[in-house]
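Participant: From first to last, the protein sequence lines stand for chains U and L. Using my numbering, read the first sequence as starting at 1 and increasing by one per residue. Using my numbering, read the second sequence as starting at 1001 and increasing by one per residue.
Note that these hints are calculated values from the structure, not bench results. Bear in mind that the values here come from a model prediction, so they are computed numbers and not experimental data. Hints are supplied without guarantee of correctness; some may be wrong.
What the hints assert, rightly or not - As a list, the in silico PhoX-like pairs of lysine-lysine whose alpha-carbon atoms are at most 20 Å apart:
no., chain 1, residue 1, chain 2, residue 2
1, U, K462, U, K362
2, U, K897, U, K775
3, U, K462, U, K417
4, L, K1259, U, K839
5, U, K775, U, K754
6, L, K1404, U, K835
7, U, K526, U, K459
8, U, K402, U, K63
9, U, K355, U, K150
10, L, K1406, U, K839
11, L, K1368, U, K817
12, U, K580, U, K903
13, L, K1259, L, K1311
14, U, K237, U, K273
15, L, K1420, U, K817
16, U, K358, U, K150
17, U, K793, U, K757
18, U, K459, U, K476
19, U, K757, U, K237
20, L, K1404, U, K839
21, U, K839, L, K1413
22, U, K817, L, K1311
23, U, K157, U, K362
24, U, K747, U, K817
25, L, K1368, L, K1049
26, U, K817, L, K1413
27, U, K85, U, K71
To be verified - Cβ pair distances, simulated, as ranges:
no., chain 1, residue 1, chain 2, residue 2, range
28, L, Q1206, U, G970, 45 to 55 Å
29, L, E1039, U, R943, 28 to 38 Å
30, U, G734, L, V1097, 21 to 31 Å
31, L, G1369, U, E820, 51 to 61 Å
Idealized CB from N, CA, C, for every residue including glycine.
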Amino acid sequence: MKRFFTLYLTLFLIISVKSLTAQVTFPINGVADPREQGTVIINANIHQDSKTVCSGCMLLIEKGKIKAIGKQLNIPEGMVSVDLKGHHIYPSFIEIYSNYGLSEGAEASRPAGGRGRVVQYDSNRKGAYGWNDALKTDYNAFENFTIEAKQASDLRKLGFGTVSTHKMDGMSRGTAAAIMLGEEKDNLEILKNQTAHHLSFNKGSSTQNYPSSLAGGIALLRQTYLDARWYQQQGIKEQTNLTLEAWNKVQALPQIFEVSDKQEMLRAAAIAKENSSKYIFVGVNDAYQKLDEIKKTGSSLIVNLNFPEAYDVESPFDALQVSLADMLHWEWAPWNPGKLVKAGIPIAITLHGLKDKKDFMKKIRQALESGLDEADAIHALTAAPAQMLGIFDQVGSLHPGKWANFIVTKGPVFEEKSSILQNYIRGNAFVISEDPAQLAPGTYDLISAGMSRILEVKKTDKGTEVSILVDTSSIKVTYQQTGQQISMHWSEANQPLQQIYALEVENGFKGQIQSGQEAWSAVEAKLKAAQEPTPEKISDKVPATEPMVLRQPFNGYGWTTQPGQETVLIRNATVWTNTKDGIITETDVLIEAGKIKRIGKNLSASGAILVDGSNKHLTAGIIDEHSHIALSRGVNEGTQASTAEVRMGDVINAEDVNIYRQLAGGVTAVQLLHGSANPVGGQAQLIKLRWGWLPEEMKFEGADPFIKFALGENVKQSNFGDGFNIRFPQSRMGVEQVYQDLFTRAKEYETLKKSGKPYRVDLETETILEILNSKRYISCHSYVQSEINMLMKVANTFGFKVNTFTHILEGYKVADKMHEHGAGASSFSDWWAYKMEVKDAIPYNGLLLQEQGVVVAFNSDDAEMARRLNQEAGKAVMYGGMSEEDAWKLVTLNPAKLLHVDKRVGSVEVGKDADIVLWSANPLSIYAKAEKTYVDGRLLFDREQDELKRTEIAKERERLIRKMIQLKKGGNKTQGVRPQREHHYHCDDILDEMTQYKD
Amino acid sequence: MYKIYIAIIFCFFITPSFAQNQFLLEGGKYHIGNGSTIENAFLLISEGKISYIGTQRPAIDASTQVISCAGKQIYPGFIALGSTVGLVEIEAVRATVDNREVGIFNPNVRSLVAFDAESQIIPTIRSNGILMAQSIPSGGVIPGTSSVFNMDGWNWEDAVFQEDIAIHLNWPERVMFTGWWAEPGGIQKNEQYLKQVAEIKVFFDQAAAYRQNKQIIEKNLKLESMKAIWSGSKRLYIHANLGNAMMDAITFAESYGIKPVIVGGKESWIVADFLAEKKIDVILRATHELPSRQDEAIDQPFRTPSVLHAKGVRFALSMEGAWKQRNLPFQAGQAIGFGLPYDAALSSITGNAAAIAGIGDRVGTLEKGKTATLFVSEGDALDMLGNQVIRAFIDGRDIDLDNKHKALYRKYKAKYDAEK
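With the rest of the complex left out, here is chain U:
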């Protein structure tokens, strides 16, 4: 007959042995009970690794390790034999990203944030550690690990045998340890003390203020690499720093970095590259969107299986809340693992991120249906993580000398009907599921003393159903079977309850029946007619179809094909040249290879795309000197008076839809500024609005570097609430001293640097030094005349110039002084009365400054207003009557001058970049609309194309919503909609972005 005899009985035996393995150095209470006779497994299909299968083979286990695998092995006498009768064996899975056995130290709770909170500037950790609590490099999982039976059991049930565990807390999380999932002694379960150093962009339980932004977090990591090098060479002679000491030690280990998306991954990869390190990444669920770029980093990925469920979008108002990007990601996400493998990027698979770990197999199958090969899945769960962790010599495949860590499955492991029967850890079996033995379907003669019935056994979707056939009706029988043990009961009309306990035998069962709690008698069932297996129902699942169209950026307004640099002839337009030629009518402009090639009357160019500019106005693209769009996770570091080390260029979010929206307002370049929460903010980044290109590619190449300074109410935290009154400075008096101090220290730093003596490379001071040496320029948030005057005096003292005062709403009061100093002004057109320091702001500010010879620009500091900067320039005509030509320069040529890029952009001149806009009317008028916006000669916004995009978005949304509704109808799980979160940063946003991931 069947399978179970040998199997079940032997297994129970082995399990009872498991905790008796002797452990050297520990005293024995009682009699020594060594049982190391070894086990031989026979009749198994042994998947030694993802490619090699030994069918009908034997596997010999001795002292927890694999001794031999083969068709015919010489089995020494006295071994326990287990017959697997054709079941499959796989190396058990390895969870590379776990916090198993460290639960006590998992995410610590954080004090509540919000307006009233007390701000903590310094570390509150006792001991000789580094300055920042987000770095917990000295933590070692192996020192803190202890077996947690429940967690171990849950992992074993899913097929895992080994994990690498670490404390998921902080930006540097210390080291992970490889742990086997047995339940003997902690000493025996640790496979390797240190497998990896873990990092993230999440400061975890640290309550310290810094870093509060992603840009700050990146700066912290970059500085830590420098500090560690300094410590090794010099610092160690002067002091002890356990964090840096640990940092240096863990560099030899694999570095595993958790991120929240592809852009973050590329940012982290840049840190690695800068420091000759390499990271393995986890959390790049959207890797499929940027495979080439990811491949180029040479990184391996640990992929999550948290593919989103379909959204519940039955109500149209709910559907509105889900973006096309989220819906498309839902469709693409299961393809992520397969796409990565096909792209040649090494992957391991983790459970991490799965809300319900029990979905593991389901999600794996989803990935298999979505382009992942079975062998690759096995590899990604076994050899790949083992290799990444440096434990492949011990686990990860089934070969002699490795630990006997494997799973026994009923069929090929990932098949829906398969199941994991046992999980062996060091040669000891844990039973995962009983072999679901069931009576074979068919009809049976059920016979006992004084009774004869027909028993029918049917296989249905719900399992095995048993009934008694009496005449034409059938009576349902409650039936249970475990192994060969069967119990069943039923009652017929007006008859007593019948209960059977029986054991399965060939073609039936034999046992005892009790009728009506009285008579006991023998009972026997014999197969009368076997039921023909019915053909399987075709699954009503929506088949996984490979999504083909990948938008860049990944949202409705992204490109399916990126626009190229065309040759375009715009004819018969009114051209606002911003040169001595002024505004010229009925003029043609030819652009080619990204540049303005010719300007004139009646131009022709063969092969050029012709654009009719009649009754239209052609201008240079708008440049926004003060913008906070297109930034990821925070605009303000702002946690210290100076954060000059922070770079906005590190956190460009190339996928912010506001880039596209601003192109629609005729904007072609913006300066991404740090916020204004501290006197010295971060380094600025000038970008062109190259919608659809990578963050790095958006940077305005060759532009001079800038930095944000800030004065007044924000830096003295006047409007931030009562928790914000301890950081220096709290007054305009203190602000000056911050600068005096920084520049003085920078000078001293320079002296030391030049002396040739060893010194600690300090990113912050290096930046300040650049300012002193006029290699970096200031854009300073400022309002009132006293502070403007002050900063110019400080600059004079230290021998540099303040390049730009931004906002500068009282600039008109000191316009002459600004002119004398050589400072420019980047102002609002008409804002005032929103806080005390703008009570004297006037809309004539730009005009007065300009009249004193100051270069004046109008900026937005606001994602919405930025798309109407042309109208803001128009207000300069309205208030005081600036000429239209000069007013237009406020948002084009003048900001280009302030940013030192006026040789490239800002006017319509031959040889300049083809960053130009075609307007429907006088661009200063409220009625003007940007119809076409070119950046580098690429048509990145076109109002007609935009209409098509909307139709396309609607069509795609309809398709996906229909698909989701269909799935829901089919009984599939859905998730409630989550309203989209879109951050529009302003100068004074001080949200702590480093304590949580965006999802």
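With chain U held as given, fit chain L onto it using these hints.
Facilitator: Just chain L now, with coordinates in the frame of chain U:
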């Protein structure tokens, strides 16, 4: 010369106008505010009213001041609905903020008595043509009662044009924005929505019962003030933005026999048919806004007015705040660029705005018998390239168009000129 300027400007105040003389506006283009224009017309102001408008020159007496408006454009005074003019002077300075009260249901709280007629903001907005404003309380579920003011007056009694016109109800939103201004949080689905609606219902049920009850012994100020929304002397302004929230809110109000005004209406373009069928007036909040969602048309907020117009929904354009109101005309202008006819745009801040505020019979258009609240602009007042207000009248009074900004401009211009 320089010193004289300083003396004048050091205490810069604008004196409200005294006399209601007779004025004749001669020539120019007259935007009536009801959808029509008259070219080369005459407009006579006497006793604070428009006593004549037409193309025939009316007879005038010797005391009538004649103002030549040839080549100019004449508009009804713009009306800023839903503002905080007079209630908030400097947003970040708590001492100057008077538009919020403690408590959830405060229908009895009135903006009227907190209105600062001396606000320095007022002269800066009326010099752009905004001659009237509704100043509203905010915060809580029912923040209070609002009034409409002239942008000219010695005190609130003097400045108020129509007192206590509306009770405001902040309808619970189905999604909530978390965080505070410096630390904006995420958006969450409001799980409490139904509970919050139920709480409002309890309040309205009690108010409705209180109104019928003839044996009230203990007077309840909150419920007392609610009576007016049934008697008709105050309208119910429900602030709601999401499409389904608006539908819920309107249905709610109708169940009490009240026809509400919707304030906000961000998604009114989605439910425009519903609004049109129920003849609901909408006061649109700032259309100089980003789309609500990533997929939404990039210019949806600019287009929404034209959608409402096309569907026959009567609406006014508005924005929050005080100082920003000077940009109200440009919000109307923006909508023109996105499909709204000029006259409809103008009406949304004049005639229709007045009608929605319940004062349309007295003001809002350049029609005979209406209050003479109007101004003369050099050009198109809805475009920054044309908005140059050269004369303005409120209740027929000739208004000083100077303001703090112009004064500071003159002061520093004089300084630099003197230094030349």
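Participant: May I ask you to test the hint 21 to 31 Å on the CB atoms belonging to U/G734 and L/V1097?
Facilitator: holds, 27 Å
Participant: Holds or violated: are the alpha carbons of U/K526 and U/K459 at most 20 Å from each other?
Facilitator: Answer holds: U/K526 to U/K459 is near 18 Å, not above 20 Å.
Participant: Within 20 Å, alpha carbon to alpha carbon, are U/K85 and U/K71?
Facilitator: holds, 14 Å
Participant: Is L/K1404 close enough to U/K835, meaning Cα to Cα at most 20 Å?
Facilitator: holds, 16 Å
Participant: Has the given pair, U/K817 with L/K1413, been kept, meaning a C-alpha gap of at most 20 Å?
Facilitator: holds, 14 Å
Participant: Holds or violated: are the alpha carbons of U/K580 and U/K903 at most 20 Å from each other?
Facilitator: holds, 15 Å
Participant: Does the structure keep U/K237 and U/K273 at a Cα separation of 20 Å or less?
Facilitator: violated, 29 Å
Participant: How does the Cβ-Cβ distance of L/E1039 and U/R943 compare with 28 to 38 Å: does it lie in that range?
Facilitator: holds, 33 Å
Participant: Are L/K1406 and U/K839 close enough, with their CA atoms no more than 20 Å apart?
Facilitator: OK: L/K1406 and U/K839 at ~14 Å, within 20 Å.
Participant: Are the Cα atoms of U/K462 and U/K362 separated by 20 Å or less?
Facilitator: Within the cut-off at roughly 18 Å; holds.
Participant: Has the given pair, L/K1259 with L/K1311, been kept, meaning a C-alpha gap of at most 20 Å?
Facilitator: Since the Cα atoms of L/K1259 and L/K1311 sit roughly 19 Å apart, the hinted pair holds (cutoff 20 Å).
Participant: For the pair supplied as a hint, L/K1420 and U/K817, is the alpha-carbon distance within the 20 Å limit?
Facilitator: With Cα atoms ~14 Å apart, L/K1420 and U/K817 stay inside 20 Å; holds.
Of the numbered hints stated above, those contradicted by the structure are hints 4, 11, 14, 17, 22 and 24, listed in ascending order.
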